[in-house]
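Starting from the known structure of chain A, fit chains B, C, D, E and F onto it as the hints suggest.
In order, the protein sequences belong to chains A, B, C, D, E and F. For the first sequence, the working numbering puts the final residue at 460, and the numbers step up evenly by one. For the second sequence, the working numbering puts the final residue at 281, and the numbers step up evenly by one. For the third sequence, the working numbering puts the final residue at 205, and the numbers step up evenly by one. For the fourth sequence, the working numbering puts the final residue at 224, and the numbers step up evenly by one. For the fifth sequence, the working numbering puts the final residue at 349, and the numbers step up evenly by one. For the sixth sequence, the working numbering puts the final residue at 191, and the numbers step up evenly by one.
Please note that the accuracy of each hint is not assured.
As the list claims (entries may be wrong) - Only pairs whose alpha carbons sit at most 27 Å apart, straight line, appear in this in silico DSS-like list of lysine-lysine: (1) F:LYS5 x E:LYS302; (2) E:LYS326 x A:LYS411; (3) C:LYS199 x F:LYS164; (4) C:LYS194 x F:LYS158; (5) E:LYS284 x A:LYS7; (6) F:LYS158 x E:LYS66; (7) B:LYS219 x B:LYS255; (8) E:LYS284 x F:LYS158; (9) E:LYS331 x A:LYS4; (10) A:LYS411 x A:LYS452; (11) E:LYS331 x A:LYS7; (12) B:LYS36 x C:LYS61; (13) E:LYS326 x A:LYS415; (14) C:LYS121 x B:LYS87; (15) E:LYS182 x E:LYS201; (16) C:LYS2 x C:LYS61.
Everything labelled a hint here was simulated from the structure, so no lab data went into it. The structure presented is a predicted model; accordingly, all values stated were derived computationally and were not measured.
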Amino acid sequence: MAVKTFKGGAHPPERKERSSALAIQRLREVKLVVVPVNQHFGAPLQPLVKVGDSVKRGQKIADAEGRMTVPVHAPIAGVVKKIEPRTQSNNSDGSCIIIEALPPPAEGQPVPAPEDLADFMPPLDPFACSKEEALARVRAAGIVGMGGAGFPAHVKLAPSKPIALVIANGAECEPFLTIDERSLIERADDVVEGVAITMKIVNAPEGVIAVEENKVHAVPLLEKAIAASPRTRAGMKIRVQLLKTKYPQGGEKMLITAITGKEVPSGGLPMDVGCVVQNIGTLLAMVEAFKEGKPLIERGLTISGGACTKPANVIAPIGTPVADIIAAGLAQVDEEKLGMVIYGGPMMGVAVPNYQIPVQKNTSGVLLLDTIESKHYDEETCIRCGRCMRACSCRLSPALLAVAVESGDYKEAEKIGLLDCIECGTCSFVCPSHRHLVQRFRVGKQILRALKQKEAQNAR
Amino acid sequence: MSVILITVIFAAILAFVLGIALGFFQKKFHVERDPKIDEVRAALPGANCGGCGFPGCDGYAEAVATGRALTTKCSAGGASTAEAVSKIMGVDAGAEDLVTVLLCQGTKDLAVSKGDYVGIKTCRASKLSTGSVKACSWGCQGLGDCVAVCKFDALEMGDDGLPHVNYDNCTGCGMCVEECPQKLFTLVPRGKKGSIVLCSNRNVIKANVMKTCKTGCIKCEICVKQCPEKCITMVNGIPVTDYDKCTSCGVCVQKCPTHAYKLLETDVMGEKKKVPVLAEA
Amino acid sequence: MKSLWKTFKQGIIYENPLLMLMIGLCSALAVTSSVANGLGMGLAMTFVLLFSEIVISIFRKVIPNSVRIPIFIIIIAAFTTMVDLVMKAYFPDLSKSMGVFIPLIVVNCIIMGRVEAFASKQGVLPAIFDSLGMGLGYTWVMVAISAVRELLGNGSVAGIPLMPASFQPILFFILPPGGFLVFGLFISFNIWLKGRMDKTAKERA
Amino acid sequence: MKGTLKLGITLALFAVGACASLAVVYTVTKPQIEAQDQLALEASLRDLFPEGEEFEDISASISSANDAVRISSAFLAKRGGAPLGLAVKAAGPSYGGQAVLLVGVELNRSIAGVRILELNDTAGLGANAKNPGYYVDKANKVTFPGQFAGKFITDPFVVKSDVVAITASTITSTSLTTIVKAAAEAGALWLENSALAPPADQNSAASYSGSAASESAPEATGGN
Amino acid sequence: MPAKGLLLSSSPHSFTPVSTPKIMLSVLIALIPASAYGVYLYGFSALALILVSMASAAAAEFVFRKLIKASTTVADFSALVTGLLLALTLPPSTPLWMGALGAAFAIIVAKEFFGGLGANPLNPALIGRAFLLMSFPASITTWTLPQGLVVGPDAISSLSLSQGAVDAVTAVTPLGLIKSGKTLADVGTYLGTHSDGELLKQLFLGFHSGSMGESSILLITLGGLFLLGIGVIQWIIPAAVLGSTFLFSWILGMNPLFSLFTGGIAFGAFFMATDYATRPLTPKGQVIFGIGIGLITAVIRKFGGFPEGVTYAILIMNIATPFLNKMRVKKYGFVPPVKPAKPSKEAAR
Amino acid sequence: MDLAKIFLVALLVNNVVLMRFLALCSYVGMTNDVGQSVGMGFAVTFVTVLATAATWPIYHFLLVPMGLTFLKILVFILVIASLVQLVEFYLKKNIPGLYAAMGIYLPLITTNCAILAVTFENIDYGYSFIQSIVYAVGVSLGYLLAMVLLAGVRDRMKTSPVPKFLQGTPILFIASSLLGVAFMGFSGLIK
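Bound-form chain A, shown alone (with noise of 0.2 Å):
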């Protein structure tokens, strides 16, 4: 199989080894949860339970009007003890339901019934019934992108364009990182399903499931499930693509590229190139929303790092603080090697104050650093040596962007592409002057769009 790639890009040190032959455990017990109101690319949400009130695992307990929103469910029985703010894994402080779950019932006590529990949604053919129904179906469950900024998931479902290929990101370029790893090996059968419901619903014609060399392991449990599977049988067409371990390979645009050698036009979506990308979290998600009626209310995710002594890759109820499942005994943590607590992946990750935070929709995986893995470096001034320039996966150039926003110039570096960049982090990654330019670029964007509202506002 011939292995595909992208231009330019750097790689990391993986460092998966830690994780990725540990299979996934459930988190079972969970004691309280904190769920952020809003998880999702959109308009913000409205709680629809309130402090005191029963809920029921899979009960809704906030939406909104409008397309750019997707409802949230609770991920345990129990009870909503709080609704306050809460520090999320932005770093941002949100609204937050916190559900509080129903005691062990007490010795002798009757076990309530599985259907008080839990309210889950019939289940659901998405090869028999409409496109809208699996739309509804999808948004129903809660489905967002599971991979990165949260974006609905039946919105990208419903393309205004015509698509000719679905691809399954299974990538996992971020190193530590072993989820999606493991998904794939756990549950390949899953993975193909959802890539056919996927192919279903926006009607393509072929479906790839895309996977780095260093998950190579996997092919072949793909390839069988692949052969195995009935939608294949029944005629549809997927493949498995092997792609070069490098960072970001994962990135939705670098993907397509590397998988059909389009560019998807600056500005515009995957599916200006015939493409939708779905992450294998978001995959499975969708499964067992069709399958079980079961909304999104639990992932899986890595723990590990550094400080980590005992990395996992657990699945666990969204809402619930790391640091219960720390406690519960699934992973371990040395307190005294402790450096750095990251959201997400090493590049593209959150660094947050504590692990006390809940896991979110879109928390791939959080990571305990040791004091020397998280050693960040003070600015030293730009050499001009050009490495980020050959490493930006979008062709940017950095260090010249760079000087645009510390100057001020931001015409300039809107013109170079301040707003193409995907805040990747290659190029902070291999500066060996350690400069800040992805966090630069950040605030740069955020400037550049307050000044174009500004003039829109003027113009008119």
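Same frame as chain A, but now just chains B, C, D, E and F:
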């Protein structure tokens, strides 16, 4: 002798022709414009040296007259010209004399920090990346965006991690108000009397305020209850003084359990500015 | 009298045309490769400035505003030509080494600037002091720059060898790039000096 | 229109005043300026031919064979009516622009001396040609132009061979040598045509001993 | 929960092990063969020149940064690189104090005045060399013969070269000979070779007079290839410089191989033109940059006042760098601007 | 001297700003950004050529026959000043588009010593009319070149940590010095 004669005749004719031509062209190609430009232009030396960064004296005069340039840019004319130009332009600039006040007292010792921030040393960047370096989401980031933007040397980063205002230099231009990502600055008239809360937290969980900052407003509303003039109201979680009624009696300042209340005339702008906040509170 | 002295002092340091106002730079760099040239240029410049300011100050009330610039130009050009002629007649070597820069005094921003800003508004006496202050301020900087350049680039000052015999002249300093460098450092030095003086003045106040 | 007229008249009055005074200065300095040029030239001429009493301007009748070198003027030095030699003022290109040289030619077609009138080459390098303290032959204190004195026009005039170059200034050396040679040849030709010098084939140094004959050109021992 | 403060920063949180000192160190290593050969050829004086120049550069940087109360940056080795590069472009017989002065000038005026590493608009080592060339033209153009090189028997008489002291023979560089109107054959005679091929071979191996940086094209190329191999420099600029020098020399009627094997063109192509701070960043800009250097070098060698033009060619193209940086590659997904682009909503995973 | 030689010498070898220090006021003042410097450069080119075309005939057909060559300075500066004024009036009224692009630079040009120097040198060097025009173009394009190059360097220095005591004008002169060093490479290029 003939040389002198020829010279004189030549010069007379040349200059006369030039004079007529200039006068004629000036009339013929006359273009209406703001008389203020001409006024400013007249006050400038006319060296057209370009030292001001504008294309010639005309360019600079136009920039000044339309408010695009400072009145002090003419280097050829020096201080006297600057004065004259300011006089022409500055007559109607008699706005209120404002100064800036920082609405945060979260020094390094009093406010709890969230972690050790590494990255670009600007407040905007730290806020974007960490939410807030301080455990208090509303607190001063202490990285001096305000100091950097101040053109008048009126702000200085103190050792306590907060910017300090030098009220002699502050012109109330409002650049810091614009720049602060936490919106912690406010402009008040110079010499204003009355009390003010030097805290901006709008934390709805009162119990958490004390965990993050020892001098934060904990929304106890003692000030509202104790004020003899009844001039304090809670607005959006922060007590606000009605300066029409405030008599600077100082009751709120004394009663405030976290020392968030201060008197503008003494504690903020007065001689003994920044009375150290007691840590035991 | 005190204000006259102050006018004079302005030009020497605080509003030094070369270092602070940064006008009239061309000649400051072009002819400062030797002290003789620098001094000659400075004095020629002072002469033109002095007489232009005097004449214009005398006639300031009869000059119509709309043609004042051409009239100023005529007066300045006349004095410049005189200097040019006199130098050609009596200092032919100096005149030759300064070449086109003597006639170019006419477009020196210092003269036009001072005439417009000062002489056309003030009486004769202040104008004299202003022109002397500006002219000498110009001259001392010229001499200082040329002294540095000549010393480093030729080992001598005003033609007198000062460096030990083993000194090898650093030609860079009498070549054009050296002029730029020395002048840049001079400005930097003056800014520092002025900062120091402002500081002490403030402390004293 | 009346205003315009008034402006014109005012301007004219100032111009008249300024120009009149200028004209006065001009008339005063004019003879002095003209005298300066003449003085400088004569000083050089006398320097070349110390015995010369009068110098006849023969500029009109001389021309250069070398296109690059222009003969601007030439003077026949005489003593008591008898010709002593010819001084040729020649201009040609050098490193930093035009160089003007005055070359004295003896009647025997050897070079009486070379004076550099104008040279704008690099200070410290090519400009050393006109530096009286710079010796190409330090032992004998011979300057660059000084080394030409006594050379015959039949000599090769090749830099780094029979002409010693100024250190690190081969171009200046070559350019100046070319000018000297062209001027000397033009001068010798004129002398021949005027029948003041013997024809080329009869050239012999022994027949005439010039003032500079004792200064022999240094052997090529220095420089690079 | 942890009592101590954890590190908070913006992503990425992982960094390459490559650092500025390591890059500079690798340049120093790449220069070792050429320097060592230079020392072998010219002996102690060359070694002393290298050491003095490097020491002076480092000291100048240290003292200057102390004076302006900035952080000390000597530890990044960049000053040492500048000092070494400068020493390699000077005649081995340069007086030591000149080397020290040039290195100090290069570091202070050309580098630190503009803000230090990465901020200098022109190559400091070349500015140092140009400064010395302007200031002491005689010394900087006085070459010595390598130890053991016996110039051809008729060389002295035919080329009128004079001999001074026995151990230090003043000499001319091959380019110097060409500049003074000699032919290739004369150069061959001078170096004691008998055919053009033999001459080129000798030039390539480096047995002729000149600066240490122009002696052995072979060793310089090896150093350059080492830097290319470890990714410190990229191939575009050296290729463009060498290619265009070859081409333009040929067009202007010079022996193109001779042009490549003499003078500092190889040294300039690999070590000077690739200087990070002063070369354009964009590939297109680099191509034009390299071609410009080749063209100007050939033109100066053919028509200019200097036998060697690489120094000035690189400096002149350095000035053009800010403009060449505007020649960018089309960014990912570039669409010709019809309407203002909208922000991309996707983030890489 | 052929025309190409005159042109190249004026443009590169004796660059008007970097080697001859003319027109420094605008060189320092107008190089804040590249666009501005280009505008100024072209305006100077235009006026220099115009001034040369006007002063050369005046000198040779008016001043020389009348024996008034000593009035050269006065007449030339007056002619240039009036010329600039007239061009400005004309542009402002009739071609406002061009005026907006270039006209704002015109007042600066009256005191630009490069222009006056060119007109003088045309006389001193004894150039013919055509030679004078070529020389004028060469000099003014040399000015444009220096302006643009400095603007480029300045643009780059905007984000450099230039030591405090050199910030502002001093570093401009030092940058010019280094540009001059590079331009020394052209010396001797044309003999």
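Failing hints, ascending?
none
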